[in-house]
Every structure is written in structure tokens, then in C-alpha cells.
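Okay, here's what each chain looks like letter by letter:
Protein chains: 2
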Amino acid sequence: MTLTISPIQGIPEVRAGDDLGGLVAAAVPTLQDGDVVVVTQKVVSKAEAAMAPIDPSDPRGHRAIVEAESVRIVRRRGELIISETRHGFVCANAGVDLSNVDEGWAALLPEDSDRSARRIRDVLRARLGVEVAVIVSDTFGRPWRRGLTDVAIGCAGIRAVVDLRGTEDSRGRELQVTEVCVVDELAAAAELVMGKATGVAAAVVRGVDPAWLGQGNVRAEVVRPPAEDLFR
Amino acid sequence: MTLTISPIQGIPEVRAGDDLGGLVAAAVPTLQDGDVVVVTQKVVSKAEAAMAPIDPSDPRGHRAIVEAESVRIVRRRGELIISETRHGFVCANAGVDLSNVDEGWAALLPEDSDRSARRIRDVLRARLGVEVAVIVSDTFGRPWRRGLTDVAIGCAGIRAVVDLRGTEDSRGRELQVTEVCVVDELAAAAELVMGKATGVAAAVVRGVDPAWLGQGNVRAEVVRPPAEDLFR
Numbered sequence: 001m002t003l004t005i006s007p008i009q010g011i012p013e014v015r016a017g018d019d020l021g022g023l024v025a026a027a028v029p030t031l032q033d034g035d036v037v038v039v040t041q042k043v044v045s046k047a048e049a050a051m052a053p054i055d056p057s058d059p060r061g062h063r064a065i066v067e068a069e070s071v072r073i074v075r076r077r078g079e080l081i082i083s084e085t086r087h088g089f090v091c092a093n094a095g096v097d098l099s100n101v102d103e104g105w106a107a108l109l110p111e112d113s114d115r116s117a118r119r120i121r122d123v124l125r126a127r128l129g130v131e132v133a134v135i136v137s138d139t140f141g142r143p144w145r146r147g148l149t150d151v152a153i154g155c156a157g158i159r160a161v162v163d164l165r166g167t168e169d170s171r172g173r174e175l176q177v178t179e180v181c182v183v184d185e186l187a188a189a190a191e192l193v194m195g196k197a198t199g200v201a202a203a204v205v206r207g208v209d210p211a212w213l214g215q216g217n218v219r220a221e222v223v224r225p226p227a228e229d230l231f232r
Numbered sequence: 001m002t003l004t005i006s007p008i009q010g011i012p013e014v015r016a017g018d019d020l021g022g023l024v025a026a027a028v029p030t031l032q033d034g035d036v037v038v039v040t041q042k043v044v045s046k047a048e049a050a051m052a053p054i055d056p057s058d059p060r061g062h063r064a065i066v067e068a069e070s071v072r073i074v075r076r077r078g079e080l081i082i083s084e085t086r087h088g089f090v091c092a093n094a095g096v097d098l099s100n101v102d103e104g105w106a107a108l109l110p111e112d113s114d115r116s117a118r119r120i121r122d123v124l125r126a127r128l129g130v131e132v133a134v135i136v137s138d139t140f141g142r143p144w145r146r147g148l149t150d151v152a153i154g155c156a157g158i159r160a161v162v163d164l165r166g167t168e169d170s171r172g173r174e175l176q177v178t179e180v181c182v183v184d185e186l187a188a189a190a191e192l193v194m195g196k197a198t199g200v201a202a203a204v205v206r207g208v209d210p211a212w213l214g215q216g217n218v219r220a221e222v223v224r225p226p227a228e229d230l231f232r
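Taken in order, these protein sequences are the chains called A and G. Going by our numbering, the residue at position 226 of the first sequence is 226; the numbering climbs one at a time, nothing skipped. Going by our numbering, the residue at position 29 of the second sequence is 29; the numbering climbs one at a time, nothing skipped.
Keep in mind the hints are simulated off the structure, nothing from the lab. Don't take each hint at face value.
Each pair may be met inside one copy or between any two copies, as identical chains are not told apart.
Claimed, not checked - Taking lysine to any residue pairs in the SDA-like style, the calculated list, with each CA pair at most 25 Å apart, reads:
#1 Lys42 x Phe231
#2 Lys42 x Arg146
#3 Lys42 x Pro59
#4 Lys42 x Glu228
#5 Lys42 x Ala227
#6 Lys42 x Val74
#7 Lys42 x Asp229
#8 Lys42 x Leu164
#9 Lys42 x Thr178
#10 Lys42 x Arg115
#11 Lys42 x Ser57
#12 Lys42 x Asp209
#13 Lys42 x Arg206
#14 Lys42 x Met1
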């Protein structure tokens, strides 16, 4: 099983109200059944107009938006806020982002990224006649480790976490716990061909295990409820 | 830029003292300059005899090994210990693993996974005449998000974190902070073709940005010093 990961070139600048699924379909008419399309949060937020006006010269403006987008402040140090969003994601600045957006605007997280992924998937089925999976990705930091990695904030057509508990390891003994978050691994893989400054906002992964395809949902499968979390 | 990720088939059962680089060279003689070879911790630990004897019927035995491998207990709930290893990694059970090893033994983390990666890289250069990067990967959980993902615990021939601070975004403005941990993203990508129960312990990623290649070190670049960490 070899995976290939290719950037999707040719998606034009995305504006509020754009049909993002249609733009992807036009850019990669060669999509095949079983492909995984990874789309970055930034263009999803732009298409959905998940934006807030901001005075870039006033740091309090940014902070106010971050606090409005947060349901719980987890840590605060200087200007950095680690908070929980209403979706349950814990990340820096509640996912509010000032890069690669028009001056005077901040990009917010989509209202429901799993729904965003389903809509794109439905458009790709309607336009191209293919059953693909869709992941909406974003760039998050993590405790203990430097450097950012891309993770999934929404998905459709693929299980977010693949549960290998109870299958046997290569010695024939039962594996203890092996629930792999394949949508996060796919989001990370896709980031490798997108870069941050090149304007490429989507990628296609071809060759994933067909057993992973099916109904999936990041908020339901990946977001860890506070009661079972040791770090909130 | 298209990436391909392929499992490395045909590495035999690894035993203490085996020349792991030589086994990889024999399994993929077609390696090319610039390829990234990802090898899982389990086979590195086996080759380096980083193992401890354990009585599988005695849960205290496992706990004692975990505590011996830890320099700081970060959280504890029931049998689960989240701790910091002497390398600075924060993970469940100090990385001590009972799956896919012989009954009566526990696999420990390699003493110095960056050194392990350098050794494999040196053997591949000597045997095959190629300049490749090598990543040693392991499977870690994370706060806030369910499901495990593979991350890098050692690397050679590739920068662990690629710093895009100061480069311009697509609007020509300076990006705020975009340090991407590419070795973690590559480890995650490689896991997608390895699975947990198939006995495939390594993969090759072809097509990475040549600008990332060069000296790198997970412990120096990725491990976040406790003083700048908000979650210890």
C-alpha cells in the first residue's frame, strides 16, 4: 500500500460565499473514489465568512476576539492564550488567525467543521460522481513539543479514530490500546506538501486503507471530554 | 511536489545486536538521495537491546519499570502514568511497551534516538551510497484529543523543526509564528502505511522539500524545556 500526497493547485483566492467544493472540483477533476481531500481551515472560514473585523494596530482587539471565541481559558502567558473553543478544541488564541487574511479581518474557526467537510464532500459527489473523504485541517501547537503540526478539525466520509483494540499484534496477542487518530495523521501528511506561504490550501491523499472510509466526525470522536482529560 | 509513502516490506524479525541499518538497506536497495526513512521505535529498541525483563502477571513489575524510566511524574490516573523520560519526552508509561515484544520483556525507549537515527543513516550511506534522512518514530497520546499519532523521537539528516518565521505569507506580510515540526508530520504520515498489527516497522517517504534536509536533532529542537512549557 503506497500513499501519494499531492497539492491541489489552481484554487483561486477564496471569498465569502464561494462554493469551496465547486472550486476543488474544478481544480482536481481527476479525483477518484477513496481519495482523501484535505482542505485548510483558512479557506473554509473565508468561504463561510467566519471572519471578524479587527483593528490590527490594537492588540486589545485581537484579545477580545479570542476571549469571545473561548469557553474556557486553559493557560495564559503574556499575549498567548491557550483556550477551549465552543467546539471543544484546545488551541492557541482559540484558533483566531491574522495571517493570510485581508488587513482588518481575523479568521475564526468554522462554526461546525464536520458539517463543512460534509458539504464539500456532497458537492464533490454531485459534480464529479466520486465518493471521497474530506478533512478540514488547522495548524495547532502542542504541550511538551516545539513546532506546530496540522490536525483535523472536521471530517466526512472517513472515521476519525480507527480502533485497533482487540485485534492481534504480530505475536498473536491482543493489542492493549491502539486507537489511531488517522484524520490527524492525514492532516499532518497533507501539510507537508502545502507549506505555509505558498498559497496552496488543499491536498489529495490517494491510497488510504478502504477500511477507514465511512461515517466519521472529529468533534464526536477526537475531542476528549473534559472529564476524561488530565490537562484541563 | 508530490510525496509518496511506501511501507518497507521484508525486514525480518529484529533481535538484539542486529544491524538495523543493514536490514533496511537489504530491504530497500532502491533508496535515493533525499528519501526519508522512518523506522519505528520498537525495532530500534530491539536492535539496541533496550529491553527490561518483566513478569507479565504482576502489574507492579510494569509500574516499577515505568517509574525507573521516568524523571518526573506529570499525571497519574489509575494504572496510567504520564511521565517525563530522561530524554525529555512526556508520554504515557514513559514509553515502556509490552506489545509486539517477547513474553516476559518490555521494550524501553532507545537511550538516544537521535544517535540511533544517525547510525542507521551512516550505514545506509556506506551500504547504498545514498544521502537519506532517518526518523525514529513512536506512538504517543496527546492531551485534549483522543487517539494516538506517531511522532518523531529521533532524526538525522533532516531539520526537526522548519522555521518559517519572517518569511512572507501570500499577502506579502510577515508570518507571525510558523515553526512546523516536519519530523512529527513525517512520522505521522509514515504510520498511515504501517498499521499496528501488520509487522511493518519502517517506511520510505520520497519527495520532501530538499530545503529541510541537513543537520537535525529531535531532543535539541522538539523537546520543549520545562521553563517554557505551560503543562508541566
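- Give the relationship of Lys42 and Ser57 under a CA distance limit of 25 Å: within one copy only, between copies only, both, or neither. within (22 Å within a copy, 51 Å between copies)
- State whether the alpha carbon distance between Lys42 and Thr178 is at most 25 Å within one copy, between copies, both, or neither. Between copies only: 15 Å across, 31 Å inside.
- Message: Cα distance capped at 25 Å. Does Lys42 pair with Asp209 within a copy, between copies, both, or neither?
- Response: Between. Shortest inter-copy distance 23 Å satisfies the 25 Å Cα cut-off; intra-copy 28 Å does not.
- Message: For Lys42 and Met1, with the copy left unspecified, which applies at a CA distance of at most 25 Å: within, between, both, or neither?
- Response: between (31 Å within a copy, 21 Å between copies)
- Checking Lys42 and Ala227: alpha-carbon separation at most 25 Å within a copy, between copies, both or neither? This pair counts as neither: shortest intra-copy Cα distance 30 Å, inter-copy 32 Å.
- With 25 Å as the alpha-carbon cut-off, assign the pair Lys42 and Leu164 to within, between, both or neither. between (32 Å within a copy, 18 Å between copies)
- 25 Å Cα cut-off: does Lys42 pair with Glu228 within a copy, between copies, both or neither? Neither: 30 Å inside a chain and 28 Å across chains, both beyond 25 Å.
- Could you place Lys42 and Asp229 in one of the four classes (within, between, both, neither) given a Cα distance threshold of 25 Å? neither (28 Å within a copy, 27 Å between copies)
- Message: Within, between, both or neither: how does the pair Lys42, Arg115 come out at a Cα-Cα threshold of 25 Å?
- Response: Within. Shortest intra-copy distance 15 Å satisfies the 25 Å Cα cut-off; inter-copy 38 Å does not.
- When no copy is specified for Lys42 and Val74, does a C-alpha distance of 25 Å or less occur within a copy, between copies, both, or neither? Intra 24 Å, inter 34 Å, cutoff 25 Å: intra-copy only.
- Query: Using 25 Å as the alpha-carbon threshold, which applies to Lys42 and Phe231: within, between, both, or neither?
  - Reply: neither (27 Å within a copy, 28 Å between copies)
- Query: How do Lys42 and Arg206 come out at 25 Å by Cα distance, when the copy is not named: within, between, both, or neither?
  - Reply: within (23 Å within a copy, 27 Å between copies)
Hint check: violations occur at hints 1, 4, 5 and 7; the rest are consistent with the structure.
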